[in-house]
Amino acid sequence: MAFAWSTIKKPAVVLAPMADITTLPFRSICKEFGADIVFTPMFSANAITHNPKRTLRIASFLPEEQPVIVQIFGYDGDTIAKAANIVAKELKPAGIDINMGCPAPKITGNECGSALLKDYPKALELMKKVRDGYHGQLSVKVRLGWMEKDVLPFILELEKIGIDAVTIHGRTTKEGYSGEADWDKIAEITAQVQMPIIGNGDISSWRIAQERIQTPGLSGIMVGRGCLGKPWLFQEIKTKKDNKITFEQISEVIKRQAQATIDFVGDEEHAMRMMRKHLGWYIQGFAGAKDIRKRAMLVSSQEELNNILSDLK
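All residue numbers for the sequence shown refer to this note's numbering, where the first residue is 1 and numbers rise by one.
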């Protein structure tokens with residue numbers, strides 16, 4: 001049965017798109033631990049249209065990861081629609097998501113990501129072009145606004161033009177990741193919208209997740225930074241209890257992710273460089289982790305990785 005946002009089992013627990021993080025190796029592990037829907041990192045529409053082979057290689061996924069949503073960012077509706085169709089034809093994901101939520105200066109400085117929220121009429125015209133040019137499942141990830149929490153009218157317009165779902169991060173672009181996500185505002189918006197809404201922001205434990213899931217009308221929650229170094233958070237959310245994971249089990253997860261990363265990039269040293277930040281997250285909180293984290297940030301081989309895990313134990 002083809003994926004449709006309108007028929008997802010609620011509440012869906014979704015893995016957020018995170019740059020250089022939610023590629024296949026980490027994403028597939030999150031899927032194993034119970035993520036219902038997973039997002040790829042965001043990809044430039046220009047990169048997809050100009051160099052599809054390289055970009056699509058990074059966006060690749062396993063059949064068992066489905067439903068997979070490929071996220072695209074850009075500033076031109078026609079180019080984004082073209083990119084969406086290339087991705088749909090070559091990779092056949094469950095859907096395409098348009099990024100209007102990234103607050104990173106290198107993205108907003110090019111009038112992409114959440115910079116689109118500075119001009120709602122312009123952003124709506126962009127989305128109309130994408131909707132007219134791409135006919136698969138199409139969602140949008142937004143923030144509460146650029147400076148003010150004023151995104152509701154824009155979301156209502158997205159609903160009118162046939163966007164299938166919207167994820168709302170409970171902060172403005174100005175707020176970045178500071179303070180607390182405003183779930184009251186997410187609830188206020190959800191109450192006035194008919195299409196599926198996914199809430200996002202500060203879900204770091206299963207208890208917080210269960211509280212957020214109770215938001216009336218919400219179709220699901222999106223987990224981002226809370227699962228870094230803790231992909232079993234998805235399992236905890238589903239079972240509504242702490243996962244008594246052992247050090248041996250954590251080591252096994254790390255080793256599997258490391259091997260998957262080597263398989264993904266085809267180069268052990270490059271893969272270990274990619275693993276460094278993940279290692280830092282995984283071993284955070286362990287006794288003696290401070291000194292071992294320094295070594296983890298320099299790891300360049302599987303042998304070094306295994307030695308670090310042995311010493312940590």
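Calculated directly from the structure, the hints in this document are not laboratory data. Treat the hints loosely; a few may be bogus.
[What the hints assert, rightly or not] Think about it this way: if two alpha-carbon atoms lie no more than 30 Å apart in a straight line, the pair counts; the simulated DSSO-like pairs of lysine-lysine are:
no., residue 1, residue 2
1, K89, K160
2, K53, K10
3, K244, K160
4, K290, K313
5, K244, K174
Given the structure is predicted, the values throughout are model-derived calculations rather than measurements.
We went through each hint and held it up to the structure:
no.	hint	result
1	K89 <-> K160	26 Å, holds
2	K53 <-> K10	35 Å, violated
3	K244 <-> K160	46 Å, violated
4	K290 <-> K313	14 Å, holds
5	K244 <-> K174	38 Å, violated
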